[in-house]
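A.B. asks: Under the numbering used here, the residues of the sequence shown are numbered 11 to 397, in order.
Quick caveat, the hints were computed from the structure, so don't treat them as lab data. The model shown is predicted, which means the values in this text are computed figures rather than measured ones. Glycine included, each C-beta is placed from N, C-alpha and C at the ideal position. Possibly wrong hints are sitting among the right ones.
So the derived label-pair ranges between C-beta atoms look like this [stated by the list, open to error]:
#1 L290 - T56: 28 to 36 Å
#2 I303 - L110: 45 to 53 Å
#3 T60 - L374: 31 to 39 Å
#4 G279 - P112: 44 to 52 Å
#5 A218 - L106: 34 to 42 Å
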Amino acid sequence: MTETATRAAPPVPSLPRRALPALLGYAGVRVLGLAVLALWSAARGTSAHTLLSARWDSLWYAGVAGAGYGHEIRLPNGDVHSDLAFFPLLPWLERLLHALTPLSYADAGLAVSAVASLAAAGGIFALAERLYGARAGVCAVLLWAVLPVGVVQSMAYSESLFTALAAWSLYAVVSGRWVTAGVLAALAGLTRPVGAAVVAAVWVAAIASFGRTGSADAPRAPAWRRVLGAALAPLGAAAYVLWVGHRTGDGPLGYLDVQAGWRNGFDGGYAFARFVGGMLTAFPSALAGIALIIGVVLLLWLYGAGVRRGQPLPLLVYSGVVLALALCASSYFGSKPRLLLPAFPLLLPPAEALARARPARAALLAGALAAGAAVYGAWWLNGSGPP
11 MTETATRAAP PVPSLPRRAL PALLGYAGVR VLGLAVLALW SAARGTSAHT LLSARWDSLW
71 YAGVAGAGYG HEIRLPNGDV HSDLAFFPLL PWLERLLHAL TPLSYADAGL AVSAVASLAA
131 AGGIFALAER LYGARAGVCA VLLWAVLPVG VVQSMAYSES LFTALAAWSL YAVVSGRWVT
191 AGVLAALAGL TRPVGAAVVA AVWVAAIASF GRTGSADAPR APAWRRVLGA ALAPLGAAAY
251 VLWVGHRTGD GPLGYLDVQA GWRNGFDGGY AFARFVGGML TAFPSALAGI ALIIGVVLLL
311 WLYGAGVRRG QPLPLLVYSG VVLALALCAS SYFGSKPRLL LPAFPLLLPP AEALARARPA
371 RAALLAGALA AGAAVYGAWW LNGSGPP
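Hey, can you work out the whole structure from these sequences and the hints?
C.D. replies: Here's what the structure looks like:
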């Protein structure tokens, strides 16, 4: 036997090393977006730092971090905006980082989002690489980075933190790490109401696992691990919702009353349809209405593409619930684009296609999208911005 034949195969690089190109690309897109935002804001006489850390929901999170729950605003129309609507994991982390460093609560929120956005990019890469290969993983991360509202990933909001927990929970599910999946799902449930999507994905995958055998790539875990993972998954969301009900005195459904004070509810998309229909009755708002219709059709087409390509069941369940909660809720309509940020599995079909393209063409397209997203993000935050 020759020396060549007996030579050991080269070791497979670790996941962090394989993810490095995706993380570097993601960081480059975010730096570009922040640079354009800083220049745009300076030209308008506004503060990019304030836009990112001290407006809209970031103020509520920082308030909870600093003083705990109990703040509410009563509006002239009778609505009550209570900070109980905001789930606690992000303000907990802001408070912890503030205690350990000189950072203010607002800046701690920015730091958490910066780290969480990189963790989310790593989770998206790991999941896409496992399913479709390394190039598709890089492309999926870049597509998530260059979304038009991708600047929210750099704000002191909870979208990046939630997406990181969701992505790694789904990765744990498809790789058969059920307890890890359950713990991450529980943490996601402490982050945003849409944590229900992660719980649903873990539950459906666990139930389906009892009807199939494992594989060499992901051997079926013992039944007790699957049951334990499914049992752990809802604990975070359930604990917070029950605590809110106890605090308000309204019982298990008290959190729904809190959301009603913000005019948030689930109406199957009726209010959104009326909103879009109203835009179609006049010009130039009709153009925006048509754009919204095209956007919804595109989202549904991407979901259908995932179904047609045999995307794993937990990913389909997760993205389906995220879509339903975002599009069929009666919340402020300007929030819907950022509410869809966690629906990253919708990007996997175009990521596969981009991975098959010539590298120069793929890089040119990614660069153009990154530039467009940077300009749009700067204009958006200096205009209506995310509520």
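A.B. asks: Kindly indicate which numbered hints from before are broken by the structure, ordering the numbers from low to high.
C.D. replies: none
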